[in-house]
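J.: The residues making up each chain are set out below.
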Amino acid sequence: MEITLAHYLVLSSVLFAIGLIGVMRRKNLLMLFFATEILLNATNIGFAAIAHFHNDLTGQMFAFFIIAIAASEVAVGLGLLIVMYKRTGKIDLDIMTSMRG
Amino acid sequence: MEIYLYIALFAPLTGSLFAALFAASPKTSVTGIVASGLLFTSFVSSVILLNYVMAGHTVHVEMMTWIASGDLYIPFGFVVDQVSVVMMMVVSIVSTIVHIYSIGYMDHDKGFNRFFSYLSAFVFSMMVLVMSDNFLGLFIGWEGVGLCSWLLIGFWYHKESATWAANEAFIMNRIADLAMLIGIFIIYWNIGSLQYDVVFSQIANLPMPIITWIGIFLFIGAMGKSAQFPLHTWLADAMEGPTPVSALIHAATMVTAGVYLVVRANPIYDLIPEVGTVIASLGAFVAMFAATMALVNRDMKRIIAYSTLSQLGYMFVAAGLGAYWVALFHLMAHAFFKALLFLGAGNVMHAMHDELDPFKMGGLKKPMKWTWILMTLASVALAGIYPLAGFFSKDLILEVAFVEQHYILYSVLLATAGLTAFYSFRLVALIFHGDERHLEHGIHPHEAYNFMLYAMAPLGVLAVIAGMVFKTPYYEMVTHLLPAIEYHIHNHTTFWIMTIGTQLFVIAAIAYAYKKYAKAVKVDAKVESGFLYQLLYNQYYIPKLYDELFSKPYRELSKLAWKQIDLKIVDATVDGIANVIYRTGEKTHTMQNGNLSSMLRWMVIGLVVLLVLAIAFTVGYNAVTMRAM
Amino acid sequence: MQEHILSILIFFPALAAMLGFIVHKDSARAYGITVAAIEFLLSLWLWNIYDPMTSGMQFMEKAPLVAAFGINYLVGIDGISLFIIVLSTFFTMIGIASLTETRRVKDLIITLLFLEMTMVGVFAALDAIVFYVFWELSLIPMLYIIGAWGGPLRIYASVKFFLYTFTGSLVMLVGMLFMAYFYYQATGQWSFSLLEWYRLILPLNFQLWLFAAFFIGFAIKVPMFPFHTWLPYAHGQAPTIGSVILAAILLKMGTYAFVRFSLPLFPDASVFFMFPIATLAIIMIVYTAMVAYAQEDIKQVVAYSSVSHMGVIVLGTFALNVEGISGSIFLMIAHGVVSGALFLLVGVIYDRRHTKLMSEFGGLASVMPRYATIFGIMMMASVGLPLTINFVGEFLSLLGFYKQSHSFTLVAGTAIIVGAIYMLSAYKKMFFGNVTKEENKNLKDVNRTELIALVPLVIITIWLGVYPKPILEPISNSVESIVQLMHDKAQTPEAQARIPNLSNPVAKNSQQETY
Amino acid sequence: MFEVVAFYLFAALTIAMFTITVMTSQALYALTAMAAGMIFISAFFFMLGADFLGVVQIIVYTGAVMALYAFGMMFFDTTRTMVEKRENPRTIFILGVLAATLVVFIFISPIISTHLETQYPLEAASGNSQAIGMILFTKFLVPFEVAAVMLLVAMIAGIVLAGKKMDKSLTLMAEEEIALMGANEAKPDSQEGAH
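Protein chains in written order, with numbering that gives the first Met the number 0: chain A, 0 to 100; chain B, 0 to 628; chain C, 0 to 514; chain D, 0 to 194.
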C-alpha cells in the first residue's frame, strides 16, 4: 500500500470541509479567523502534494504565497477586529448588520 | 418648341408660387390677375403646341433625371403628342376661364390669395399628369392633383363637412393609387422601364396574365381618380369645395384623369379586350347608377356631380370598348359644358347666398338672365341635342356600343341619356323657372360680375361648337396615335332611326322635366317616402354602408390595437419580463439580510452548486469526447 | 487633413463638449451652435471631397487598439453612411439652433455634442468593436436627455429605453464575439474588421444563429414590432430635441446596421429570414399605423408613424436588390428629415400650450397659418407624396420588394393608405375646424428661431424629392457593391436566385479594390 | 511502510485537532488545538519533500500567527466559555460534508491527474531550499516582491488599525463617536460588563 496523491487530496478536502463547517458555525469573529486558517492550510497540503507528485515547484510556490497572504490577513484582520471591538464592545458576527440590503 | 412646352408646364407653377407668397397677407387682386395671366400664357403655349402637333410633329423632352437606381431610370420627361395636347388644351382653357371667374367668385373670401395658389398648383399638377412621358411622372401629377384637390375641397377648413370630405377624397384616392403603384411595379419588373414608348412597344411580348394584371391594376387606379363605383362616394362629398374648384377639378379635368390613363395606355388595353369589356360594363353601370342618384337629389352641386359621374361612366364605356378617341372626345366636350354648368351654379350660389337646395330657388331667369342662358346651353349640350357638343360626343358613344354589338350597354346608356336630360332640366327648371320661392327666405338675387360672365362666354361658345367644328380635325389628329376606327352604322335607316329616336327620347325627357318642375313645385309626399325615392336620395345607402363597414370598424380596431394589443399585450409582456426580474430581486433580497454568518452559509451553498456544475460539465464533456473517439 | 477627416468629425464634437464645461452658461448656446455649425460644414466638406463614383470605402483610417485580438480603430465611409453622417451633423445643428429648453441649457448642449460624436462614430465605424462601443455610448446621452429634461414619467421612460436597447445590444455583442471567434478559427488570426469579415463565407447554420443574434440588437433599435413599445414612451417623455434626434438619427442605426452587418455577412440567412422579417415589417406598417390613428396625443401619432415608416425601410432593406436597398437607405434619410421636422413642429406647439393632446387644439390653421403650412408640407411628405423626399424612398423600397413577393408588397403598400388616414385625421383635428379653445385664439405663429430650423428642412424635403440624384447616386453605387458581394457569397440556391447578379464590370473592379 | 504509517497518524491527528478547533467552546482549547494542527501539517510538508515550506509553516503559523491570535484573545478576553448562537447545525454539517464529498470526487476522478503538466521540474541534484530559491528569484520574482509589499502594507495597516490614537483620523468612525471615545476609554470595565 502506497500513499498516492489521492490520499493527500482527500485529506486536504476533509480538512477543507472541517474549515467550512467552522466558518459556518462560528459566530465569534476570532474563532472564524481560526476556521479560515484551517481552510488555507487545507489547500496548502493539496498544493504541496501536487508539487511533490508531479515534480513541479509551482505548487510549493503557491503554498508559499498563501502563507504570506494568511499572515497579512491575520495582521489586518486582527487590526480590524480591534477597531470593531472598540466601537461596539463585541466581536460577534450577528451584530454586523450594516450590509442589510 | 420645347420652350413652349416648358412655358405651358411651368407658367401655372410660377403663378402658384407667386400667389403663395401672398398667402398669409390680405386679399390682393394682383394674385388673381397674375395667376390668370400666367395661365393664359400657358394656354397660348398650348395653342402653339397644338398647331405644331396638328402639323404632324410631336415634342419630347427630357428635362432631368429624377430617380435612378440600379436598372431603374426615371427622368422628368415630357411629351406633347396628339393625345396629351388635347388634354393640355382642355386643361388650359378651362383653368384659365375658371381662374378669371374665380377672381370674381372668391372676391369676398379671406383666403383669396391662398385659393389662387392652390388652384394654379392644381393646374401645374394636371399638366404634369398629362404631359409626362412615363408612368411615374404621371403618378406625380396623379398625386399632385390629389393633393390640390384635398387642399381645395377643404379650402373652407373651418367647416367640418369640408375637411371631412377632403380627407375622404384623399384617402379613397390613395386606395386606388396603391393599385396604380402595383401596376407600375408589375410594368417595371417585366419590362424594365416605365417610359411609355418602351412599355407600349414591348407590352405585346409579355405573357397574357401579366398584361391582364397590369390592365386591371392601372384601371383600379383610374377608378379612384375618376370616382368609379365603388370608389365614387368622394366625388359628391367633394362638392363642399368652392364652386370654381368643382368646375375645374371635379368636372373638367382631374376626374377625367382616369379616362386619360386608359386612353394613354391603349396599347395595353387593346391586348386585353376582356378587361375592356369589364371597364365598359362598369362604366355603363356607373352612368346609370349616378344618373339615378341625380334624379332626386336636392343639392344643386351634387346633382351636377352625379351628372359628372354619369358622364365619366360614358367615357369609360367608350374607352373600354376600344374607342379611345371617342372617349377622349367626350372628355373634351364634357369638360366644356360641365365646367360651364358648374360656373353657372356658382353664380346661382352667389346670388342665393350659398343656398344649394334648388327647391328654395325658382324664377331666377329674370334677375340672372345670362346665367340662365349659359346654363341652359350647357344642359342642352349635356343632354346631347343636335348640334351642340354633347350630341357629337355622347351619341357617338351610343353608336360605339351599338356598332360593337353590346346591346345591353347600348340600352343602358340610352336610358341614362334620358335620365340625364331629365335631371339636367329638372335643375334648370327648378332654379330659373316657376315661382320665386327664394323670396320667402328674404334673398334678393343679383347677377354675377360682368367679367365673370365674359369669362364663361368662351365655354358657352365651346359647348355649342366643340362637337360640330372640332370633330373632324380632332379625329384626324388623334388617330395618329390612337386606333383609328370609324364608328358608323352602315345601314342608313338604322342610323337615322337611332339618331332621331334618341333625340326625341331626350327631348321628351326634357319636356317632362319642364312640365313637372317649371311651374309650381308639388312635393309628392307619397313618392318621397317610398322605398325607391329614399334609396336614391340616400345614395343607395352606400356612404352609410361604408361608414358602418369600413370607417367605424377601422376606428374601433385602431382603438383595440392601441388600448388592448399594444398596451395590454405587447407592452405588458415587456413590462412583465421586467417585473419578473424585479420581483425575483424583491423576493430574494431577504437573502441579503445583512447577517454575515448567513451570508457565509450562502457562500458555501454557492460553492456546492459550483462544484456540482463542475462535475456535471466534466462528466458531460467526457461523455461527448468519449463518444467522439 | 483630408485623410483624417473622419476622426476629426468624430472627435471634434467630443472635444468641444469637454471644452464646453468651461464655457459660461450664458454663451453656451452660441458656443453650441458654432461647434455644431463647424461640424456640419466639415461634414459638407466630406461630402464634397467624397468620390461618388467609387463604391467602396473611402477616407479609411486605421490605428490598432488591441493588436492581439485584432481590434482596431477602423473608420471609413461609403455612400451608405456618408449621408447619414451628414444628416446627423445637420440635425444636431438644427436641434441646437432651435433649442427652446431653458433649464440647464449648457448641460444639454454638452450632452448633445457628445451624442453627436457617438452618432458619427457609429456610422463611420468599420470595426465591430468600435461600432459596438459607439452604439452603446449613444445610449448614455439619450438616457440623460430623456431622464433630465423629460416629462413627468421620464424616469420610467428613460430606464425602459436604456434597458430595452441595452439588452438587445448585449445579444448583438455575443454575436460579434462569436463572429470574431469564427474568423479566428477560419483564418488563424483575430479580427473585428468588418471588411475582413465580409470575406468570410459562413456555413448556413452558423449564419442563421448569428443573424438572429444581430437581429435582436438591431430590431430593438429600429424598433421592429413587437419590440417597439419603448419608443412611444421615450418620445412621449423626451424633450423636443430628444425626440428629434431619436427619430431622425438614432433609429436609423438599426436599419443602417442591417445593411452594414446582416446583409453582407449573412446573405443566405438574410434570404432565409426574408419572409419572416417582411411579415414583421408589414405588421409594423399596418398595425402601428392603426395604433397611430387611435392616438390622442399628436406626438404619439408622430412616434407611431415613425415605427410605421421604419417598417417600409426594413422591407426595402430585405428586398435584397439594388432598388430596394437604395430606396431603404434613401428613406432613412428622408424619414430622418421628415420625422425630425414633425417632432420639431410638435415641439413648437408644445412650447406654446404645454400640451400635446389634439383635443386641446382645433382651428389652428387660422391662428397660425405659417405653422399650418409647414406642418402640412411635412405631413404630405410623411404621407409620401411624389416630389417630396419620402416618396422616392418609399417607392424604391416597395418597388424593390415587389420583385421578391407580390402579395407582401400589396399588403405593405397599404402604408400609403393607412399613413394618409392617421396623418390627415390628426391634421384635421389640430388645424381644421373652428378655434374652440380660448387659449388658442392668441397663439403666436412660428417665430424666427423656429423658422431657421424648419425652413431648411422644408427646402431639403422638396429639393431631394425633386432631385434626389446627388444622394441617390452614391448610395446606389455603394449598394451595388454590397448586392454583388452578397450574390458572390450566397450558397443556397434560393439565395443565389433571390439576390441579383449585377456582374457589371465597374462594380466588380471597385469591389476588388475594396475587399 | 513508514510513510504510510506516518501519513495516517498525522492525518488522524490533524483532523482531530482541527475538529477540536472548530467544535470547542473554549477559546483557549481552540487556539491550542490549532497550533498543534499547524505543526502536524508541517509534518506532511516534510513528508512531501517540501522542507522549506515545512519550516516556514512552523515559523509563520505556529510562531507568528499563533502569537498574534494569543494576543488578540487576551485583548478580547475570550478565554472563558463563549456563548454562540447556533442556527441549523444540521444544515451546516450537511453542507460541509457535501462540499467535502464533491471535492473528493473531483480529486479522485481521473481528470486532475491526467491533465496536469509539469512546468518547473525539480532538479534532483539540488536540495529543496536551493530549488525554491532559484525559482522564487527568477520566475516568481515579481509575485514575490508584490507579496513582500503586501506584507509590509498589512503590517502598517495592522498597526494603524490597532494603534491607540492612530485610528482617530480614520473614516471608520463618525465624528460624535470620536468625541465619545475619550470618555469610553476612561472606564473600559463598563464595556466588559456589557459583554
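Among the hints, erroneous ones may be present.
[Stated by the list, open to error] In silico lysine-lysine, DSBU-like type, Cα no more than 30 Å apart, as pairs: (1) B/Lys562 <-> C/Lys428; (2) C/Lys402 <-> B/Lys109; (3) B/Lys26 <-> C/Lys427; (4) C/Lys61 <-> B/Lys109; (5) B/Lys543 <-> C/Lys428; (6) B/Lys562 <-> B/Lys368; (7) B/Lys158 <-> C/Lys428; (8) C/Lys440 <-> B/Lys158.
Since the hints were derived computationally from the structure, they do not count as laboratory data.
J.: Against the 30 Å threshold, does the CA-CA distance of B/Lys562 and B/Lys368 hold or violate the hint?
T.: violated (61 Å)
J.: Verify the proposed pairing of B/Lys562 with C/Lys428, using a straight-line Cα cut of 30 Å.
T.: holds (20 Å)
J.: Is C/Lys61 within 30 Å of B/Lys109, Cα to Cα?
T.: violated (64 Å)
J.: Straight-line Cα separation of C/Lys402 and B/Lys109 no greater than 30 Å?
T.: This hinted pair is violated, its Cα atoms lying about 50 Å apart.
J.: Would you mind confirming whether the straight-line C-alpha gap from C/Lys440 to B/Lys158 stays at or under 30 Å?
T.: It holds: about 17 Å lies between the C-alpha atoms, which stays within 30 Å.
J.: Mind checking the alpha carbons of B/Lys26 and C/Lys427 for me, to see if they're no more than 30 Å apart?
T.: holds (25 Å)
J.: Straight-line Cα separation of B/Lys543 and C/Lys428 no greater than 30 Å?
T.: holds (22 Å)
J.: For a C-alpha distance cap of 30 Å, please report whether B/Lys158 and C/Lys428 respect it.
T.: holds (12 Å)
The earlier numbered hints that this structure contradicts are 2, 4, 6.
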